[in-house]
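Residues per chain are reported as follows:
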Amino acid sequence: GENVEQHPSTLSVQEGDSAVIKCTYSDSASNYFPWYKQELGKRPQLIIDIRSNVGEKKDQRIAVTLNKTAKHFSLHITETQPEDSAVYFCAASIFGWDGLTFGKGTHLIIQP
Amino acid sequence: DVKVTQSSRYLVKRTGEKVFLECVQDMDHENMFWYRQDPGLGLRLIYFSYDVKMKEKGDIPEGYSVSREKKERFSLILESASTNQTSMYLCASSPPDLSYRHYEQYFGPGTRLTVT
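Read top to bottom, the protein sequences are chains X and U. Per the working numbering, the very first residue in the first sequence carries number -4; after that it's consecutive. Per the working numbering, the very first residue in the second sequence carries number 33; after that it's consecutive.
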């Protein structure tokens, strides 16, 4: 089955700086790669996703890049703000509707 | 606004008990999922269902079963609860539309199950 590795497990950045979280996956059949944000005590929420026919996608301060040949994808957050503090999970799926294999999460801490 | 609800926020059960966790969604979604979330391990897929009475094993189905008798309801069953099933259980649903944006999974608030 699919295996998703996520790094780092904890990331501390100064407010206003950029943050990058990286994931690798094992199954070359995977085609769908979402990122979820989970604030303390709350449920995970989708923040951005990308399909295998696209190399990069941006939504305001967040972007995701995908390298299908190398089987890795990354989340980029620019101009970080206190409200970006949360745990971020990457995930992979073959079809999108068949359930997600998640990475173990990155705890992003924004230092004032 | 999509709403996914779970029957309990907190549950305490004894080893060997049969445990039912219920999940209901109100958006007519075809796909429903059960995950467990443990510190340092992320979310792991237990079972999913893409239609009424259909079910597929996820990555960690051992010790669990599921039931989907109605489209809006997906139940997770622990046949004989064990202490290693102490965890946060999250239900999710997603629509079936094959258009790109509609793979988003909407999560419920979670049930924190403790097995003693």
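Where hints are given, some of them may not hold.
Straight-line C-alpha distance at most 20 Å; calculated SDA-like pairs for lysine to any residue [what the hints assert, rightly or not]:
hint	chain 1	residue 1	chain 2	residue 2
1	X	K99	U	D91
2	U	K85	U	S97
3	X	K63	X	Y27
4	X	K99	U	N116
5	X	K37	U	G72
6	X	K32	U	Y138
For the record, the hints were derived by calculation from the structure and aren't laboratory data.
Evaluation of the provided hints:
{"no.": "1", "hint": "X:K99 - U:D91", "in the structure": "holds (14 Å)"}
{"no.": "2", "hint": "U:K85 - U:S97", "in the structure": "holds (12 Å)"}
{"no.": "3", "hint": "X:K63 - X:Y27", "in the structure": "holds (11 Å)"}
{"no.": "4", "hint": "X:K99 - U:N116", "in the structure": "holds (18 Å)"}
{"no.": "5", "hint": "X:K37 - U:G72", "in the structure": "holds (17 Å)"}
{"no.": "6", "hint": "X:K32 - U:Y138", "in the structure": "holds (12 Å)"}
Hint violations for this structure: none, all hints satisfied.
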